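Trainee: Model the full structure from these sequences, guided by the hints.
There are 2 protein chains.
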Amino acid sequence: MALFLVFGYQLVGLHAQSNPKSDADAFYIREIYNVALTKGKSYPWLEYLCNRIGARLSGTPQAASAVEYTRQMLDTMGLDSVWLQPCMVPHWNRGEKEIVRITHSKMGSFDLKALALGNSEGTGPNGLAAEVIEVKRLDELESLGRERLAGKIVFFNRPMDPTQLNTFAAYGGAVDQRGLGASRASKYGALAVLVRSMTTRLDDVPHTGSSTYEPGVTPIPALGISTNDAELLSRLLKEEPVRVYIRNTSHMMGMKPSHNVIGEIRGSEKPEEIILIGGHLDSWDVGTGAHDDGAGCVQAMDVLQVLKRLNYRPKRTIRCVLFMNEENGLKGGQAYAEVSNRKKEFHLAAIESDRGGFTPRGFTCESENRAFDKKYKQIMEWSPLLEAYGLSFKRGGSGADIGPLRSQKGVLFGFEPDSQRYFDYHHTAIDTFETVNKRELELGTAAMTALVYLLDKFGLE
Amino acid sequence: MALFLVFGYQLVGLHAQSNPKSDADAFYIREIYNVALTKGKSYPWLEYLCNRIGARLSGTPQAASAVEYTRQMLDTMGLDSVWLQPCMVPHWNRGEKEIVRITHSKMGSFDLKALALGNSEGTGPNGLAAEVIEVKRLDELESLGRERLAGKIVFFNRPMDPTQLNTFAAYGGAVDQRGLGASRASKYGALAVLVRSMTTRLDDVPHTGSSTYEPGVTPIPALGISTNDAELLSRLLKEEPVRVYIRNTSHMMGMKPSHNVIGEIRGSEKPEEIILIGGHLDSWDVGTGAHDDGAGCVQAMDVLQVLKRLNYRPKRTIRCVLFMNEENGLKGGQAYAEVSNRKKEFHLAAIESDRGGFTPRGFTCESENRAFDKKYKQIMEWSPLLEAYGLSFKRGGSGADIGPLRSQKGVLFGFEPDSQRYFDYHHTAIDTFETVNKRELELGTAAMTALVYLLDKFGLE
Numbered sequence: 005m006a007l008f009l010v011f012g013y014q015l016v017g018l019h020a021q022s023n024p025k026s027d028a029d030a031f032y033i034r035e036i037y038n039v040a041l042t043k044g045k046s047y048p049w050l051e052y053l054c055n056r057i058g059a060r061l062s063g064t065p066q067a068a069s070a071v072e073y074t075r076q077m078l079d080t081m082g083l084d085s086v087w088l089q090p091c092m093v094p095h096w097n098r099g100e101k102e103i104v105r106i107t108h109s110k111m112g113s114f115d116l117k118a119l120a121l122g123n124s125e126g127t128g129p130n131g132l133a134a135e136v137i138e139v140k141r142l143d144e145l146e147s148l149g150r151e152r153l154a155g156k157i158v159f160f161n162r163p164m165d166p167t168q169l170n171t172f173a174a175y176g177g178a179v180d181q182r183g184l185g186a187s188r189a190s191k192y193g194a195l196a197v198l199v200r201s202m203t204t205r206l207d208d209v210p211h212t213g214s215s216t217y218e219p220g221v222t223p224i225p226a227l228g229i230s231t232n233d234a235e236l237l238s239r240l241l242k243e244e245p246v247r248v249y250i251r252n253t254s255h256m257m258g259m260k261p262s263h264n265v266i267g268e269i270r271g272s273e274k275p276e277e278i279i280l281i282g283g284h285l286d287s288w289d290v291g292t293g294a295h296d297d298g299a300g301c302v303q304a305m306d307v308l309q310v311l312k313r314l315n316y317r318p319k320r321t322i323r324c325v326l327f328m329n330e331e332n333g334l335k336g337g338q339a340y341a342e343v344s345n346r347k348k349e350f351h352l353a354a355i356e357s358d359r360g361g362f363t364p365r366g367f368t369c370e371s372e373n374r375a376f377d378k379k380y381k382q383i384m385e386w387s388p389l390l391e392a393y394g395l396s397f398k399r400g401g402s403g404a405d406i407g408p409l410r411s412q413k414g415v416l417f418g419f420e421p422d423s424q425r426y427f428d429y430h431h432t433a434i435d436t437f438e439t440v441n442k443r444e445l446e447l448g449t450a451a452m453t454a455l456v457y458l459l460d461k462f463g464l465e
Numbered sequence: 005m006a007l008f009l010v011f012g013y014q015l016v017g018l019h020a021q022s023n024p025k026s027d028a029d030a031f032y033i034r035e036i037y038n039v040a041l042t043k044g045k046s047y048p049w050l051e052y053l054c055n056r057i058g059a060r061l062s063g064t065p066q067a068a069s070a071v072e073y074t075r076q077m078l079d080t081m082g083l084d085s086v087w088l089q090p091c092m093v094p095h096w097n098r099g100e101k102e103i104v105r106i107t108h109s110k111m112g113s114f115d116l117k118a119l120a121l122g123n124s125e126g127t128g129p130n131g132l133a134a135e136v137i138e139v140k141r142l143d144e145l146e147s148l149g150r151e152r153l154a155g156k157i158v159f160f161n162r163p164m165d166p167t168q169l170n171t172f173a174a175y176g177g178a179v180d181q182r183g184l185g186a187s188r189a190s191k192y193g194a195l196a197v198l199v200r201s202m203t204t205r206l207d208d209v210p211h212t213g214s215s216t217y218e219p220g221v222t223p224i225p226a227l228g229i230s231t232n233d234a235e236l237l238s239r240l241l242k243e244e245p246v247r248v249y250i251r252n253t254s255h256m257m258g259m260k261p262s263h264n265v266i267g268e269i270r271g272s273e274k275p276e277e278i279i280l281i282g283g284h285l286d287s288w289d290v291g292t293g294a295h296d297d298g299a300g301c302v303q304a305m306d307v308l309q310v311l312k313r314l315n316y317r318p319k320r321t322i323r324c325v326l327f328m329n330e331e332n333g334l335k336g337g338q339a340y341a342e343v344s345n346r347k348k349e350f351h352l353a354a355i356e357s358d359r360g361g362f363t364p365r366g367f368t369c370e371s372e373n374r375a376f377d378k379k380y381k382q383i384m385e386w387s388p389l390l391e392a393y394g395l396s397f398k399r400g401g402s403g404a405d406i407g408p409l410r411s412q413k414g415v416l417f418g419f420e421p422d423s424q425r426y427f428d429y430h431h432t433a434i435d436t437f438e439t440v441n442k443r444e445l446e447l448g449t450a451a452m453t454a455l456v457y458l459l460d461k462f463g464l465e
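The listed protein sequences derive, respectively, from chains H and U.
Going by our numbering, the first residue of the first sequence is number 5, and it counts up by one from there.
Going by our numbering, the first residue of the second sequence is number 5, and it counts up by one from there.
Quick list of in silico lysine-lysine cross-link-like pairs, DSSO-like style, CA-CA up to 30 Å: (1) K381(U) / K348(U); (2) K117(H) / K45(U); (3) K312(U) / K43(U); (4) K398(U) / K398(H); (5) K398(H) / K381(U); (6) K117(U) / K43(H); (7) K117(U) / K140(U); (8) K398(U) / K312(U); (9) K140(U) / K45(H); (10) K381(H) / K398(U); (11) K242(U) / K45(H).
Calculated from the structure, these hints are not laboratory results.
All values reported here derive from a predicted model rather than from experimental measurement.
Mentor: Below, the structure written as structure tokens:
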């Protein structure tokens with residue numbers, strides 16, 4: 005694109021829709037966007053979180069630093085209250101650099117790019133070596149049985165489906181291998197598992213992410229390997245048996261005290277109706293958790309900053325919650341809901357941003373409220389106000405941290421940005437500040453602030 | 005985002021819309037997406053264009069290499085014809101590394117990050133030094149007059165408006181400074197111009213781009229400076245007079261022979277109705293023209309590759325055109341239209357991709373046809389088939405290269421991807437292959453192929 009063509013784009017906002025009684029709302033939403041795009045603070049906050057604090061795995065000093073930093077930032081805004089909410093979180097440690105080594109093959113001996121999966125137990129200092137058997141699905145384990153699996157390393161190699169338009173659907177279709185692969189293979193006597201990384205890309209970047217041992221299962225080592233290495237290993241296995249040596253020393257270090265970080269503007273008319281915006285403050289220990297979920301945290305904080313800058317006086321209570329331990333325990337989200345239920349609070353709505361700092365496309369929403377159909381219809385009536393900003397609503401899951409609030413029967417929203425790049429970075433060493441675009445991040449703040457404005461002004465009847 | 009939540013996303017395609025007679029179309033479009041996302045070739049082609057050939061400024065050996073490479077790639081596809089179409093293009097040369105030096109200020113002497121604007125004439129080997137005067141708009145020149153401007157360096161410093169949702173609208177609102185600043189300032193005796201780079205970012209990356217001298221004007225040097233340097237220079241100017249030394253040796257080297265690259269599948273029923281898809285093969289001399297417009301070229305080529313792989317037999321002629329010299333002359337687009345008019349061809353539709361390889365949002369369309377309202381209505385009726393892929397149609401300018409085809413009174417489409425990141429890279433040294441996401445690029449191919457399919461099947465009545 006070269007010459008100075010003006011493409012005939014129009015200003016959006018004032019004339020975004022035709023209902024005259026909503027012109028004030030269209031105008032206010034335009035103001036929200038103007039402030040978010042010119043006075044937003046999310047980008048420098050994210051830079052600090054990622055580059056000055058770094059990775060924020062639950063239980064680490066960096067996670068504690070992130071709690072203190074975000075508390076201080078919320079404290080600068082003139083909110084009605086800012087506080088820390090205690091919770092106990094599992095502290096997992098990756099240990100020494102993982103070794104996943106093909107010990108002999110027609111290509112000789114060489115190492116694969118690997119990361120231990122979160123919450124998994126390592127091999128210990130001596131490592132282990134065994135033959136590899138490749139499977140594509142958890143249910144293949146049953147047909148192979150103990151006879152074929154005992155003493156082996158099981159290699160889960162079902163790729164994410166690249167034809168899914170929304171990469172989260174592709175993730176949902178493949179992540180059972182990472183979450184449950186070790187637990188299921190252990191039941192058949194496998195010694196360890198290797199799991200193809202959760203991305204549609206073919207590259208050399210291994211992805212971590214949580215793995216769970218079901219009750220009563222012997223914990224076995226579980227490591228993610230890069231997709232290029234998964235392709236290579238699979239090719240070798242088609243030709244000959246392959247033995248792999250694995251050594252890693254990851255282990256659970258017990259529970260540690262930590263906190264959710266909370267700030268709120270109290271409502272002037274219906275303070276008992278809470279509108280929550282949030283993300284999770286913890287990240288994995290590789291990379292710096294820029295998209296997952298530094299972006300969501302700084303966007304949620306910036307919603308309050310934008311509203312304060314606009315001198316907005318909410319009718320309802322607007323509360324920003326930065327949850328701890330989404331990645332490997334969800335203890336922050338659970339603690340928050342427990343306290344909230346004990347206090348008999350009611351969350352009219354909760355919005356979670358945990359799908360990266362990319363260009364906003366809209367919101368998914370869900371509720372256990374029996375009148376949700378009616379509420380959803382009301383929400384859909386706001387669509388014309390948001391269409392000009394490329395936003396739409398649809399039904400769908402919201403977010404892990406706010407999930408425990410379902411029983412309060414409010415409406416839970418998941419902020420939904422463009423999904424194409426998320427799994428390039430997700431749970432990797434390359435989820436860093438540089439991969440976040442300032443405008444895309446700020447547009448997310450604006451989109452969430454606009455929804456908060458509508459929820460606060462109109463409620464959900 | 006951590007645990008293995010399935011968000012309830014659904015497969016799109018078969019049930020994308022409710023009109024039963026269009027189920028076949030929905031199915032075919034789903035197939036197009038499947039092939040584009042699993043068998044696309046755009047990404048490796050782009051890698052070759054950017055990393056093996058490099059920058060492709062009109063008239064350079066690299067531009068010739070790109071012509072030959074893309075011709076060879078089209079030749080592998082089993083098309084009905086592949087040919088080169090001659091055109092004469094201006095060959096501009098940047099010359100030696102530019103110097104833009106603040107010679108004395110309270111911060112001492114230091115260099116600004118600068119790039120000569122395309123088609124501009126340099127200072128020559130001795131350079132020039134003068135006092136700087138800052139303006140925000142072209143029309144300020146008239147009020148300042150020759151008295152204030154003669155012998156000065158005029159600094160155009162109006163930023164792109166960050167509150168515009170579509171960054172092309174912000175670009176359209178600022179780029180007159182780059183395109184016409186030198187020409188207009190020259191009329192008042194200015195010695196040279198500096199222009200704030202065309203991006204909403206604040207960074208150290210200068211942007212080039214074309215600059216035009218109007219007839220009869222004395223050509224004066226014109227250079228873009230980074231936005232950070234523009235902010236700094238502006239701050240200094242508020243406090244004291246600032247003198248700048250400029251030295252650059254850019255110059256026009258005359259006209260050189262070059263080519264558009266064309267490949268087509270001939271229509272079986274109405275071969276005289278042409279559906280064109282295209283991008284421009286030339287780039288600026290800095291960076292490697294990945295988004296601008298390597299992406300558009302490889303997408304247009306891949307449309308044909310996807311159709312061939314599907315064994316699609318078009319009723320109408322589907323033609324891929326890779327235009328030369330969009331950036332600093334538009335000679336390829338003009339030559340193409342001249343030949344086409346001479347042959348009395350009719351382009352039923354032309355689609356240009358020249359806004360980067362980002363996630364598709366839809367298409368703008370325009371036409372000089374008096375029955376365009378009716379045709380636009382027909383196009384809008386296809387929307388339900390494309391909604392599931394996040395695509396919509398709107399009226400608006402199409403693309404520079406296909407612009408000269410307007411007089412044929414077909415419908416011209418501009419492929420419209422997400423615009424947020426485009427001006428981070430546009431016309432800079434950082435417009436490189438690594439900034440292009442494979443899926444986003446391939447989704448563009450798929451979107452254009454889907455539109456070609458609909459245009460071919462239904463025509464435009």
